[in-house]
Amino acid sequence: MDYATAKRINQLLTTVYGDIVRVEELALRQSQFKDISIKEVHAVDVISMYEHKTTSQVARELRITPGTLTTMVNHLVRKDYVQRIRSDDDRRFVRLGLTRRGRLIYRAHESFHRKMVESFAKDMDDEQLQIIEKALLNLEAFLEFADPTPKK
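With full-length UniProt numbering as the guide, the letters of the sequence shown map in order to residues 1 to 152.
In short, the hints are calculated from the structure, not lab data.
Predicted model only: the values in this text are computed from it and were never measured.
None of the hints are false.
Below, computed lysine-lysine pairings styled on DSS-like, alpha-carbon distance capped at 27 Å:
| hint | residue 1 | residue 2 |
| --- | --- | --- |
| 1 | Lys-34 | Lys-53 |
| 2 | Lys-115 | Lys-34 |
| 3 | Lys-134 | Lys-122 |
| 4 | Lys-53 | Lys-39 |
| 5 | Lys-115 | Lys-39 |
| 6 | Lys-7 | Lys-134 |
| 7 | Lys-115 | Lys-134 |
| 8 | Lys-53 | Lys-79 |
| 9 | Lys-79 | Lys-39 |
| 10 | Lys-34 | Lys-79 |
| 11 | Lys-7 | Lys-122 |
Pairwise CB distance ranges (calculated):
| hint | residue 1 | residue 2 | range |
| --- | --- | --- | --- |
| 12 | Asn-138 | Arg-63 | 13 to 23 Å |
| 13 | Ile-20 | Met-124 | 10 to 20 Å |
| 14 | His-113 | Asp-35 | 19 to 29 Å |
| 15 | Phe-142 | Thr-65 | 21 to 31 Å |
| 16 | Val-46 | Leu-26 | 15 to 25 Å |
Where is the CB? At the ideal position from N, CA and C, for every residue including glycine.
Could you put together the complete structure from these sequences and hints?
Spelled out as structure tokens, the structure:
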């Protein structure tokens, strides 16, 4: 790849990333969910409606420390998006679940991303989508390798 192409692709990646974050935050501020940050929404997304993950699992997926997650979960519990579910066998064992309000924001966020991907992939054939998927997997692998965060 020549320098000019690499520079254009880099500019596009940088712009698109910034635009996604900006539009996501704007959509959040214009919704009924004005009391939650985009980082908290992403935590709700990882906690998920479909399984009760442990705090360690969620912290690992978000790539944040357990202490940072504890602070975030405290806020999300206070705002009625998340609930702590203690094990009947061992009360020290805590899983996280979404409240009704948490499920609402989860669905809204999921809908935003589904629309974004549908718009992105509009009018592309399977071969083009496979090329994009391969490029994104290459980028993900690079970022995984370049990330200084310790993996467990």
